[in-house]
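A.B. asks: The primary structure of each chain is shown beneath.
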Amino acid sequence: MIHDIEYETMPREALEAIQLRRLQTTLAHVYANVPFYRKKFQEVGMVPADISSLADLRRIPFTTKQDLRDNYPFDMFAVPMDNVVRIHVSSGTTGQPTVVGYTARDIGTWSMLMARALAAGGAGRGEIIHNAYGYGLFTGGLGVHYGAERLGASVIPVSGGNTQRQVVIMRDFGPTIMTATPSYALHLAEVAEEMGVSFDSLKFKFGIFGAEPWSEKMRDEIERKLNLTAVDIYGLSEVMGPGVAIECHEAKQGLHVFEDHFIPEIVDPNTLEPLPYGATGELVFTSLTKEAFPVIRYRTRDITSLNPEPCICGRTLVRMNRVTGRSDDMLIIRGVNVFPSQIESVLMETEAVAPHYQLVVDREDNLDVLTVKVEVGEQSFTDEVKGLQDLERRITKHIKELLGVSARVKLVEPKAIERSEGKAVRVVDNRDI
Amino acid sequence: MTDYIVEEHMQVEHMQVEQISVFLENKSGRLSEVTAILAEAEVNIRALALADTSDFGVLRLIVDDTEKARQTLKSNGFTVGKTDVVAVEVTDRPGGLHGILTMLHDAKLNVEYMYAFVRSSGDNAVIIFRIEQEQEAIRLLESKGVNVIDGQRLYSL
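So the sequences go chain by chain: A and B. Start counting the first sequence at 1; every next residue gets the next number (our numbering). Start counting the second sequence at 1; every next residue gets the next number (our numbering).
Any given hint could turn out to be false.
Covered by chain A, per the in silico footprint, the following chain B stretches (three or more residues, Cβ under 8 Å) [what the hints assert, rightly or not]:
1) 19-27
2) 35-42
3) 78-88
The calculated lysine-lysine pairs, modelled on DSSO-like cross-linking and capped at a C-alpha distance of 30 Å, are [to be verified]:
4) K74(B) <-> K386(A)
5) K415(A) <-> K68(B)
6) K410(A) <-> K74(B)
Bear in mind the hints are in silico, worked out from the structure with no lab data behind them. Backbone N, C-alpha and C fix where the C-beta goes; we use that ideal spot for every residue, glycine too.
Chain B with its partners taken away, still in its complex shape (with noise of 0.2 Å):
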């Protein structure tokens, strides 16, 4: 049993997917010198999401290299953090995303903050979540028959 336990647990560990996310002041120019930073380092934007106040914004970026892109935009005189998120696959019709943020809710687990991946998966789109617990998320949506997509797979739809 406990070697079961270790497993899934394992197997859940590999369920997140990491986002980099650069700090950027409110001046025009700023967005576009991240991606030419990514563009020239030949890293793949595969979602972005931005949130911003009047003086700062924070960029949330999923890349198919991300310790390539942190490296690059920490050399170019960037704060990069990085966060695990989950990806979910959410059918694609009315519905879909509210049933799956009532499970969340039903947990009590808090969604920080979502977006949506540029492509879809099959039929279905793909929402990026921040929940802080995110292993209980990951656990809890794939119990109740929810997929949710791996970085690796990600990084390559």
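Only chain A is shown next, with the shape it has when bound in the complex (with noise of 0.2 Å):
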């Protein structure tokens, strides 16, 4: 179902109209509230008037990660702290994470693309919304549940965790749609099989999965062992959180961007220079309608391609296809951003074990295993088995204080750790997905 027909389905022409104007706003307003954009235009020799149609947005240059770093805590806000109503923080990071907030408006506007894009993925009034992403800082758990509460289906804030209890309720209450990680989605089933619980008796009709990578495999694998239709969500609380792009039941082939809050581009990653429709590259993003956290031209470091083809759901808006990779070595390890250098300073802190160390991905019984390799020096060494063994466990306790995620530590021999042209090997991604 088409959730706001007018804007899903506006002809391109009158779409890009309310870009341009959009746009306008969203400069001026972050040239006069925001230094660090200000600067920016300043160092080009801009200034917001200068751009007078939506490809003079490509003069302008680009905001990064470690510029949002940079800006920690607030600094990126754009309007007084009186108007912000909700902050949140990208997961994983160490030292620095990224904080992003929310003016009132700005929680209408999300809540409103979220239930576009719960819409698009087959939920609406009466539907009942199983919504197991997690809440609190991070965007999932919350953005669901805001755009769910929109768009009046019924919504259960399980959250993630404490999944026997979670086959329960889908059990009792039948909920019809899933919103989840795709990986959260197969681990559901193997405990609901275990506890003879059989999805074919339970009343699932769609899912909305995303937070983390996944593939057409595991869409298959997961259409097949939860018995419903599986749809892909995107977003990242930089630009928004969840719902920033959604793919249509209908066709389950790309995701609809709803260019009428961003503007999607694709960039080379080594050049930055834009690429055409079709072509892979970096894919980076301007809000148009944001007030506390306006970004320009922010780059996600995810890799895909845009589609401008006509859809068979009837929205007019470009899809973009799977995310395949990263122009960075960021990791996602159930659903949380993991960076090697993060590891790399846990183990400088911990002990001097740095820098020989190897984080090894892989994927068993459908959740995300993260061991972290370590060489053991002579600084680390003891004769001693319970000594390396805490050492073990002091690196695996530093690693979920300071990234959230939990970590096998494993200690290896020096020169185990694979060299390739004299650089370790820092990251092996064993997952198949």
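Two chains, two separate frames, one set of hints: put the complex together.
C.D. replies: Next up, the structure:
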């Protein structure tokens, strides 16, 4: 179902006129209220009034995750704190996480976009949504929640974890829509099976899955095991949260970007030159309606391509293809963003064990498992087994505390970690997704 | 008197035995690599014990040339540590070891680990002890008439 017929099926020309008007407003807003953006404009000798067409957007410098970190916690906010009603924090960053804020109107916009997304994924009034995204600093749980209420669906704020209780709720309440990370959905399926609860006897029709990379193969598996139609949802807290783009259940071929609120671009991650439709590169977003935390040409680091072809669902919005990778070394472990450099600093802080380490990611029983291999040097070596086991425990504990992910620490011999042309191979991702 | 104490102290210092320890991943062939490297270097292994978990192990060795063994293993990429341990002659009859452990326990000296030496010394067995306060342990055992074997004698047993 299309929630917002007017905007979601708008002719491209009318849509672009709205985009330009909103872009000009946003640029004037950040120029006036965010010193960071004003400086960026000044560096290239521009003022917002110089932007007279959508093509002019490419003259404006990019914004990176590091820029957001440098302005921690609130310096990127474009409104006084009096007007901020919500704060979220991006997942899994040590020291300086990325903090984002929302005005009441931003929450309204986000809720409306999430309502559109849920509707595109098969939800509507009368449907019961089992929302297993985590509630908290992470945008997933609350993002879906507000959207569901806006749509008029019944939402169960079950959040993540306590899987057996979730299965009981699924059996007893009969939810028809599942929202979760794809790996958690498969985990739920397994636990249900162990408990003797068959998804064939449950009432699920649709599942809206995201917050981590997945594949067509995984979609097949989820649809088969959970007996529902699965669609992909995309978003990131820096741009808004979930609901930036959504796959329609009719086509299940790429995610419609809500272009009346965000302009997507694809750029070459090396030259940063804009690429045409169809070309694969890094996805960049400019927000058009956000008040508290607008982003201008924000580099997501996600690698994908854009498809402008009309869709059978009737939406005129461009579609982004599945994210196939990253232009940096970030890993997403059970929905938490992890950079190898963060693990390195934990190791440095824990013991003098760095820099010889390697992160190995596997998927076991449909859950991501992170193993941190650490070479044992003379400083960290002791001839007592319990001393070495203590070292493993200390590292595991610090990683959990600082990054919020559970890791297995495995001590290895010096030079055990593969080197490629003298450089240690930092990340081995064995997830077949 | 002062001189006497210094002398006694020096004597005790010589009584400990040097042990080297090697970090090993739990995978087949690693132990034999260590023995091959030592054989090549003509280092004789006098005693050996392996402590392991499912992931890794710590190999403890007493050899006739500690420094040579250590350098050779290090240059072959192993992480090698050096620890002082105490070698004690234990009467080879029921209760022999128990008597020694009781003495250490009563003196609140904690044994981190222990293992048996390959050869015996006359009629007695030789046990290697790792004790945090090894000087104190040596003094205690000697004062109780227990025969503590020094490194030189042990390496040539």
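A.B. asks: Does each hint fit the structure? Answer for all of them.
C.D. replies: Each hint, compared with the structure:
1. Proximity of the segment 19-27 of chain B to chain A, defined as three or more residues with a beta carbon under 8 Å from a beta carbon of that chain, is established by the 5 residues found.
2. Note: the segment 35-42 of chain B has 0 residues with beta-carbon separation from chain A under 8 Å; the three-residue rule is not met and the coverage is violated.
3. With 5 residues bearing a CB less than 8 Å from a CB of chain A, the segment 78-88 of chain B meets the requirement of three and the coverage assertion stands.
4. Annotation: proposed proximity of K74(B) to K386(A) holds, straight-line Cα distance about 23 Å (limit 30 Å).
5. Distance restraint check for K415(A) and K68(B): the Cα-Cα separation of roughly 22 Å lies within the 30 Å cut-off, and the hinted pair is therefore satisfied.
6. A threshold of 30 Å between alpha carbons decides the hint, and for K410(A) with K74(B) the separation of about 21 Å falls inside it, so the pair holds.
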